[in-house]
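Participant: The chain contents come next:
2 protein chains.
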Amino acid sequence: MTLDPILAPHRSIRVFRPEPLADGMTERLVADAQRAPSDATGQMYSFVRIRDRALRRRVSELSGDQRHIVEAPEFLIVCADIRRLTRVLEHRDQVPGRFPATGLHFATVDATLAAQRLVDAAEAVGLGTVCIGGILTGIEALVELLALPAGVMPLFGVCIGWPGEEPVERPRVAMASVLHADRYRDQDAEAIERDLNAMASTTRSGDWARVLARYFGAGGIMEQREAGLRRTLEHQGFAWTREG
Amino acid sequence: MTLDPILAPHRSIRVFRPEPLADGMTERLVADAQRAPSDATGQMYSFVRIRDRALRRRVSELSGDQRHIVEAPEFLIVCADIRRLTRVLEHRDQVPGRFPATGLHFATVDATLAAQRLVDAAEAVGLGTVCIGGILTGIEALVELLALPAGVMPLFGVCIGWPGEEPVERPRVAMASVLHADRYRDQDAEAIERDLNAMASTTRSGDWARVLARYFGAGGIMEQREAGLRRTLEHQGFAWTREG
Numbered sequence: 001m002t003l004d005p006i007l008a009p010h011r012s013i014r015v016f017r018p019e020p021l022a023d024g025m026t027e028r029l030v031a032d033a034q035r036a037p038s039d040a041t042g043q044m045y046s047f048v049r050i051r052d053r054a055l056r057r058r059v060s061e062l063s064g065d066q067r068h069i070v071e072a073p074e075f076l077i078v079c080a081d082i083r084r085l086t087r088v089l090e091h092r093d094q095v096p097g098r099f100p101a102t103g104l105h106f107a108t109v110d111a112t113l114a115a116q117r118l119v120d121a122a123e124a125v126g127l128g129t130v131c132i133g134g135i136l137t138g139i140e141a142l143v144e145l146l147a148l149p150a151g152v153m154p155l156f157g158v159c160i161g162w163p164g165e166e167p168v169e170r171p172r173v174a175m176a177s178v179l180h181a182d183r184y185r186d187q188d189a190e191a192i193e194r195d196l197n198a199m200a201s202t203t204r205s206g207d208w209a210r211v212l213a214r215y216f217g218a219g220g221i222m223e224q225r226e227a228g229l230r231r232t233l234e235h236q237g238f239a240w241t242r243e244g
Numbered sequence: 001m002t003l004d005p006i007l008a009p010h011r012s013i014r015v016f017r018p019e020p021l022a023d024g025m026t027e028r029l030v031a032d033a034q035r036a037p038s039d040a041t042g043q044m045y046s047f048v049r050i051r052d053r054a055l056r057r058r059v060s061e062l063s064g065d066q067r068h069i070v071e072a073p074e075f076l077i078v079c080a081d082i083r084r085l086t087r088v089l090e091h092r093d094q095v096p097g098r099f100p101a102t103g104l105h106f107a108t109v110d111a112t113l114a115a116q117r118l119v120d121a122a123e124a125v126g127l128g129t130v131c132i133g134g135i136l137t138g139i140e141a142l143v144e145l146l147a148l149p150a151g152v153m154p155l156f157g158v159c160i161g162w163p164g165e166e167p168v169e170r171p172r173v174a175m176a177s178v179l180h181a182d183r184y185r186d187q188d189a190e191a192i193e194r195d196l197n198a199m200a201s202t203t204r205s206g207d208w209a210r211v212l213a214r215y216f217g218a219g220g221i222m223e224q225r226e227a228g229l230r231r232t233l234e235h236q237g238f239a240w241t242r243e244g
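The listed protein sequences derive, respectively, from chains Z and R. Counting with the numbering used here, you get residues 1 to 244 for the letters of the first sequence. Counting with the numbering used here, you get residues 1 to 244 for the letters of the second sequence.
Honestly, the hints are just simulated from the structure, not real lab data. Heads up, a few of these hints could be off.
Label pairs and their in silico Cβ distance ranges [said to hold, decoys possible]: (1) R:Ala54 with Z:Gly164: 17 to 23 Å; (2) Z:Arg183 with R:Val70: 17 to 23 Å; (3) Z:Arg57 with R:Met175: 22 to 28 Å; (4) Z:Arg57 with R:Asp207: 42 to 48 Å.
Partner residues aside, some chain Z positions facing chain R, computed with beta carbon under 8 Å [claimed, not checked]: (5) Ser177; (6) Gln187; (7) Leu196.
The structure presented is a predicted model; accordingly, all values stated were derived computationally and were not measured. Note that CB positions come from ideal geometry on N, CA and C, so glycine has one too.
For reference, chain Z alone in the conformation it holds in the complex (with noise of 0.2 Å):
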């Protein structure tokens, strides 16, 4: 079975030719996040677009210095938002709920379709982009410096440019790995190996596990970024207990 692909090739993109997008280029891609599913109508997200210089810079700072975001012609902020439908009901005298975590959950779902859809647009004109996760490492910061309101919750960047670089695809799990049939089933050691194997080629040393254990093994990168995190969510107001 041959599995041609249907959408323009995703690499991520971190070397941007110097020239700015064409007139209005920016606002059909966001024209087309815009069509992305969203659930109940409630369109759960905004994007917050650095153009200011200085605050590029100190958004990258923040980031763990990534030279393509201060370089980007473009960079958004993608955020879950629920405070804009709150103002909507408030603003018509509705009082509105409390549910922050399916709060977080919808809006975060419906924030990243958005911004996908924008990828797939932007890559479907020969554009390139990369998303940012790195946003996390300083958080709190940027919540202040974007002046992000109770109910908006940053989720990562996306830089938007003409490619300055031609990076191969890199690999994949397979397929078996990620769809499951009518249950979800563990991969059995056989599958791992395989999945390592697949994936050697993404790094330096050839072994995927290190790459891994670097972001998600103890004391790793995730567990570095879980409290500032944390910290935001409650701040943001997505926190919540068992007791309520």
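Following the hints, put chain R in place on chain Z, whose structure we already have.
Facilitator: Same frame as chain Z, now just chain R:
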């Protein structure tokens, strides 16, 4: 400024022609989905493809009896998944970290990026789709039904098939409502009224605020989903408190 759309238009399709997808088409869609960007090479998602007819009916019942879940040629449950990479680490005798909030954040984003790329690929070949947030209504029973272990969290469903209806594109809020310049800015009353007008045609009553109130207002559907979602987050290992 004209904002010509780049991708195929998105309309959620809830009536499907009965014929199945061509052999291998679902796999092509999943292969395209797997090309989506993924944080730290983690590919933190799983799709559970529901083919068993009885299982499909049960999932539909748990999701508020949505006929298109039963009738769609294909139906996938999109899951955030940090379990698979945790097991790769354990297979190599590495100790996984503990990062429930960060894991949920990145895995929800990863899974949703992949799912939207799948939707965009499906629409590019003329297929129709609808995303099903309603799986949250019976999420605890769903987790049991699909045998989703700790580290795996169901997010939403996706129905896929050849369109048996031609719905019009639904309206969206103004671009100015979702696209912010450098800092977040709340809408003023005029902008809220503009969006209420723009969205009026999405609802039978002509009053978008009524739809929003039904879902997001006090006592609404989102509040009703909150307790079950919280229990599921705890059960699947994604809950946290300030203390740890």
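Participant: Could you run down the list of hints and mark each one as holding or not?
Facilitator: How the hints compare with the structure:
For Ala54 (chain R) paired with Gly164 (chain Z), a C-beta distance near 54 Å fails the hint of 17 to 23 Å. A hinted range of 17 to 23 Å holds for the C-beta pair Arg183 (chain Z) and Val70 (chain R), which are about 18 Å apart. A C-beta distance of roughly 27 Å is found between Arg57 (chain Z) and Met175 (chain R), which places it inside the suggested range of 22 to 28 Å. About 45 Å separates the C-beta atoms of Arg57 (chain Z) and Asp207 (chain R), a value consistent with the hinted range of 42 to 48 Å.
The beta carbon of Ser177 (chain Z) is positioned within 8 Å of a beta carbon in chain R (closest approach about 6 Å), and the interface hint is therefore held. With 8 Å as the threshold, the beta carbon of Gln187 (chain Z) comes within range of chain R, its nearest partner Cβ sitting at about 7 Å, so the hint holds. Evaluation of the Leu196 (chain Z) hint against chain R yields a held restraint, the C-beta minimum of about 7 Å falling below 8 Å.
The structure does not agree with numbered hint 1 stated previously, though it agrees with all others.
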